[in-house]
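In case you want the letters, here they are:
2 protein chains.
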Amino acid sequence: MSSSHVVKRLASTFTQRPSPPKGHLHFPQPSSTFPKGYVLTGLHAGVKKVAEKLDVAVILSTPPDGKPTAAAACFTRNAFKAAPVLVSNDILKRNGGYVRGVVVNSGCANAVTGKQGMEDAWAMVRETDALLPASASTEGGKKFEHETLVMSTGVIGQTLPISKILSGIQASKSTLSSDFSAWERAAKAFMTTDTFPKLRSRVFTVGGVEYRLAGMDKGAGMIHPDMGPASTSFSTPKQLHATLLGCIMTDAAVTPRSLQSALMYAVDRSFNSISVDGEMSTNDSIYLLANGAAAPQNSVPIDEETDPERYEVFKKELTDFAADLAKLVVRDGEGATKFVTVTVKGAPSYKDAHSVASRISTSALVKTALYGEDANWGRILAATGSVPLSPSLTTGEPTVIDPTKVSVTIVPADGTAPLPVLVNGEPENVDEDRAKEIMTQEDFELLVDLGGLGDGEAQYWTCDFSYEYVSINGDYRS
Amino acid sequence: MSSSHVVKRLASTFTQRPSPPKGHLHFPQPSSTFPKGYVLTGLHAGVKKVAEKLDVAVILSTPPDGKPTAAAACFTRNAFKAAPVLVSNDILKRNGGYVRGVVVNSGCANAVTGKQGMEDAWAMVRETDALLPASASTEGGKKFEHETLVMSTGVIGQTLPISKILSGIQASKSTLSSDFSAWERAAKAFMTTDTFPKLRSRVFTVGGVEYRLAGMDKGAGMIHPDMGPASTSFSTPKQLHATLLGCIMTDAAVTPRSLQSALMYAVDRSFNSISVDGEMSTNDSIYLLANGAAAPQNSVPIDEETDPERYEVFKKELTDFAADLAKLVVRDGEGATKFVTVTVKGAPSYKDAHSVASRISTSALVKTALYGEDANWGRILAATGSVPLSPSLTTGEPTVIDPTKVSVTIVPADGTAPLPVLVNGEPENVDEDRAKEIMTQEDFELLVDLGGLGDGEAQYWTCDFSYEYVSINGDYRS
Numbered sequence: 001m002s003s004s005h006v007v008k009r010l011a012s013t014f015t016q017r018p019s020p021p022k023g024h025l026h027f028p029q030p031s032s033t034f035p036k037g038y039v040l041t042g043l044h045a046g047v048k049k050v051a052e053k054l055d056v057a058v059i060l061s062t063p064p065d066g067k068p069t070a071a072a073a074c075f076t077r078n079a080f081k082a083a084p085v086l087v088s089n090d091i092l093k094r095n096g097g098y099v100r101g102v103v104v105n106s107g108c109a110n111a112v113t114g115k116q117g118m119e120d121a122w123a124m125v126r127e128t129d130a131l132l133p134a135s136a137s138t139e140g141g142k143k144f145e146h147e148t149l150v151m152s153t154g155v156i157g158q159t160l161p162i163s164k165i166l167s168g169i170q171a172s173k174s175t176l177s178s179d180f181s182a183w184e185r186a187a188k189a190f191m192t193t194d195t196f197p198k199l200r201s202r203v204f205t206v207g208g209v210e211y212r213l214a215g216m217d218k219g220a221g222m223i224h225p226d227m228g229p230a231s232t233s234f235s236t237p238k239q240l241h242a243t244l245l246g247c248i249m250t251d252a253a254v255t256p257r258s259l260q261s262a263l264m265y266a267v268d269r270s271f272n273s274i275s276v277d278g279e280m281s282t283n284d285s286i287y288l289l290a291n292g293a294a295a296p297q298n299s300v301p302i303d304e305e306t307d308p309e310r311y312e313v314f315k316k317e318l319t320d321f322a323a324d325l326a327k328l329v330v331r332d333g334e335g336a337t338k339f340v341t342v343t344v345k346g347a348p349s350y351k352d353a354h355s356v357a358s359r360i361s362t363s364a365l366v367k368t369a370l371y372g373e374d375a376n377w378g379r380i381l382a383a384t385g386s387v388p389l390s391p392s393l394t395t396g397e398p399t400v401i402d403p404t405k406v407s408v409t410i411v412p413a414d415g416t417a418p419l420p421v422l423v424n425g426e427p428e429n430v431d432e433d434r435a436k437e438i439m440t441q442e443d444f445e446l447l448v449d450l451g452g453l454g455d456g457e458a459q460y461w462t463c464d465f466s467y468e469y470v471s472i473n474g475d476y477r478s
Numbered sequence: 001m002s003s004s005h006v007v008k009r010l011a012s013t014f015t016q017r018p019s020p021p022k023g024h025l026h027f028p029q030p031s032s033t034f035p036k037g038y039v040l041t042g043l044h045a046g047v048k049k050v051a052e053k054l055d056v057a058v059i060l061s062t063p064p065d066g067k068p069t070a071a072a073a074c075f076t077r078n079a080f081k082a083a084p085v086l087v088s089n090d091i092l093k094r095n096g097g098y099v100r101g102v103v104v105n106s107g108c109a110n111a112v113t114g115k116q117g118m119e120d121a122w123a124m125v126r127e128t129d130a131l132l133p134a135s136a137s138t139e140g141g142k143k144f145e146h147e148t149l150v151m152s153t154g155v156i157g158q159t160l161p162i163s164k165i166l167s168g169i170q171a172s173k174s175t176l177s178s179d180f181s182a183w184e185r186a187a188k189a190f191m192t193t194d195t196f197p198k199l200r201s202r203v204f205t206v207g208g209v210e211y212r213l214a215g216m217d218k219g220a221g222m223i224h225p226d227m228g229p230a231s232t233s234f235s236t237p238k239q240l241h242a243t244l245l246g247c248i249m250t251d252a253a254v255t256p257r258s259l260q261s262a263l264m265y266a267v268d269r270s271f272n273s274i275s276v277d278g279e280m281s282t283n284d285s286i287y288l289l290a291n292g293a294a295a296p297q298n299s300v301p302i303d304e305e306t307d308p309e310r311y312e313v314f315k316k317e318l319t320d321f322a323a324d325l326a327k328l329v330v331r332d333g334e335g336a337t338k339f340v341t342v343t344v345k346g347a348p349s350y351k352d353a354h355s356v357a358s359r360i361s362t363s364a365l366v367k368t369a370l371y372g373e374d375a376n377w378g379r380i381l382a383a384t385g386s387v388p389l390s391p392s393l394t395t396g397e398p399t400v401i402d403p404t405k406v407s408v409t410i411v412p413a414d415g416t417a418p419l420p421v422l423v424n425g426e427p428e429n430v431d432e433d434r435a436k437e438i439m440t441q442e443d444f445e446l447l448v449d450l451g452g453l454g455d456g457e458a459q460y461w462t463c464d465f466s467y468e469y470v471s472i473n474g475d476y477r478s
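Note that the protein sequences, when read in sequence, are chains A and B.
Just so you know, the first sequence maps onto residues 1 to 478 in the UniProt record's numbering.
Just so you know, the second sequence maps onto residues 1 to 478 in the UniProt record's numbering.
Please keep in mind that the hints were generated in silico from the structure rather than gathered at the bench.
Any given hint could be a false lead.
Note that identical chains are pooled: a pair holds if it fits in a single copy or bridges any two copies.
[Said to hold, decoys possible] Once the Cα atoms are required to be at most 16 angstroms apart in a straight line, the calculated EDC-like pairs of lysine to aspartate or glutamate come out as:
(1) Lys115 - Glu426
(2) Lys115 - Asp402
(3) Lys142 - Glu428
(4) Lys436 - Glu145
(5) Lys164 - Asp320
(6) Lys36 - Asp455
(7) Lys142 - Glu210
(8) Lys115 - Glu312
(9) Lys93 - Glu145
(10) Lys315 - Asp455
One chain only, chain A, in its complex shape:
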């Protein structure tokens, strides 16, 4: 730090570049790209004060032949899990991976709300169950007691205005639809500090059959999820807080076991690879439904063990799609003015590459440098060097980075030439004008090559750290 910097510190002159508007990231998508066999809606039930703000979403799977819909979930690994997380995990476990409904509220996280919170989450489930058409068939002839998963996001330590929410769920019946506007309403009902609804759809092909994926998610702050698969071991009920929620639907048919395995793979490479502020929430949840409505005549669901080829294609499509949804959250990060891809390669393993990318993506010094549009590779190296790597599998010795083999490159998103700033540990004589040219753009990539420790490679998506983030979170409750 130069002495002129000391003077600058004392002067404390603030300039700000506000987060640019993101409205263009929401746009109409053709109905033909949305999965068949789903009806949904979003409405204002009264959780949020402002009447125009939607706060309850209902999503029902209604495949024409009434067969069960496979479901999978990834939940936060936080020790303080919110009531909807515990209830949804319970239902998924009881049903062996089948549900037909999802109900979501924003505005209140139903977290640290004790027994009342659990009762309220169950009440939302029951009210949504009542909207479902009678099930023509159930798995192994067994009737499911509950068929709805629940999610909540918003303020914590407050109980839900449950009667308003239940009335809202009841009233939703009349507006349930498969139109684009219904998908849009549902996506809007997920929002908290989000500045636009996050909704995407796409068509893909597996084994010559056309399927569709659609999904919505929300999140802007408290974003650094680490979600594990739906599981049988959860801590006791009493918990907290809100942030990353997502729900993905497909009209492919997939077995529950394979759906869960594909979702975990996809979430690791999408939602578990983003950071706005390094904060893991207690409500983070991603749900995935697969109702087989695309090709009812094809009665063989995709399965990892019996049909690995179709499964791999599905898993890849799902991963790409989940990454698209996850990136929308980073783009809408609280105060974010940059969208930065952090790629780490040459690590001993994927896990090591992921850890280093995560550390760079959460570094306050890296993120303030991104805001300052400053090619400060020193901060990138310092963050990189602070991560302990896995010990060598062959010798058991700690893996040590060789600084003389590490390279850092800034890669513009516009296809023009990448700018190496450190090559094999030697600082390049960087053209600062060119660096500025790249970094004043909204999108670019930081590529860190650890120099041949292995073929581990991972990507992370992060944003910058701005005055606006401090402003948004410095007086959250006031």
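Assemble the complex: chain A is given as a structure, and chain B must be docked to it using the hints.
The following block gives chain B in isolation, referenced to the frame of chain A:
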């Protein structure tokens, strides 16, 4: 997040409370409280541009009987270690824990400077060696080739203006002194973005004999050290960056082995328990010299194995003193307006308590809430719950927090009543006026009780996250 907050996000109105002046934390201390047998100075050699800014410190141990001075060090665990770190570790190893000099420069970190950097660090060592009086005795009759440790802090990727620094070291001879003003000059030469010199001294008693400790440190940003003991296994020479530096001197006599062990214990509970921004530097170093000048007649140095009683007293005094120095760094944290103690108890182990306290202390959401003077215990819980705890020693099963047993209390520093905000997992009906009363003060404590998982307890010291931090680090190099 409430819907009114969405509106607030879009409005983005910024209010700021700048970091208050900290000059009162530097004050004269009586010469009698400084350890005997040290001369030192600080001067402007020309690394920094502004002529009034001191940038080179020289510290020599000159005990009256000329006996060797024991030395210990803790260095950053970052994979990218700066040249002065590598050179100092090498000397300490060669000498078996004896040195008599320390030389420090600020303004340039001598990091990522390749072979030239290593040569420059060695040149600083040799130039300072030349200032030392001939050694009357050496350890085991062996003459040491080098007897100086070196530290650098400042900008990275630039080589030192080495001839200016060497001239400065030479010129320092005429101003070496044991006066308070000499200690002050040395402390000033450590500074980079620090707003005041960090210098403390104290008198303590071990076994009826009076000893003294004095120390200086620096740091304001890139502060989240994790330092290990001086060691024989370091990565290859090529490295980077700058921040926490400290040097502590005592006139007690301590064996090198016990000095190293006491320093590691103290550093874990002081410098390794502070965070300004969660960033581990590549230059973090703490040195400790013990020259035995207080009681030359007492020829038996303090030793852990042969004299555990005296050793424990010394270790405790050293730990308290190191914590005092470490806290000064947090007080001067870049943009800091709050000084917050984070105490975690009821954890399975000290290590677990330390991990949880560290996570809370680095959470961007907790730290922006501190800036906003907002008793947002939800963010504290979310951070707490995101830390995986050690598995049980008896069963090997993962230790799981029971949310119904967790309590959070805000403890004012003024001795008035603590304010419980969460008791056994139940949110208290918090008196928000009282919460505000406590949190508008500069100092307070966040106490998190994990509820009897064990007797692990640890403290961390952190500051808030402000606009000013973003300002300081958003255009560091421009």
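Do the hints match the structure? See the list:
For the homomeric pair Lys115 and Glu426, the shortest alpha-carbon distance between copies (11 angstroms) is at most 16 angstroms, but the shortest distance inside one copy (59 angstroms) is not. Taking identical chains as interchangeable, the C-alpha atoms of Lys115 and Asp402 lie at most 16 angstroms apart only when they sit on different chains, with a minimum of 15 angstroms there against 54 angstroms within one chain. For the homomeric pair Lys142 and Glu428, neither the shortest alpha-carbon distance inside one copy (67 angstroms) nor that between copies (44 angstroms) is at most 16 angstroms. Within a single copy, Lys436 and Glu145 get their C-alpha atoms no closer than 60 angstroms, and across copies no closer than 47 angstroms, so neither meets the 16 angstroms cut-off.
Taking the closest pair of Cα atoms, Lys164 and Asp320 never come within 16 angstroms of each other, the shortest separation being 37 angstroms inside a single copy and 56 angstroms across copies. Neither within a single protomer nor between protomers do Lys36 and Asp455 lie at most 16 angstroms apart by alpha-carbon distance, with minima of 40 angstroms and 56 angstroms respectively. Taking identical chains as interchangeable, the C-alpha atoms of Lys142 and Glu210 are never at most 16 angstroms apart, the minima being 31 angstroms within one chain and 81 angstroms between chains. When the C-alpha separation of Lys115 and Glu312 is checked against a cutoff of 16 angstroms, the pair qualifies neither within a copy, at 42 angstroms, nor between copies, at 49 angstroms.
In this assembly of identical chains, the alpha carbons of Lys93 and Glu145 lie at most 16 angstroms apart only when taken from the same copy (12 angstroms versus 70 angstroms across copies). Proximity of Lys315 to Asp455 under the C-alpha cut-off of 16 angstroms is found in neither arrangement, the shortest distances being 21 angstroms within a copy and 46 angstroms between copies.
Hints 3, 4, 5, 6, 7, 8, 10 from the earlier list are contradicted by this structure; the remaining hints agree with it.
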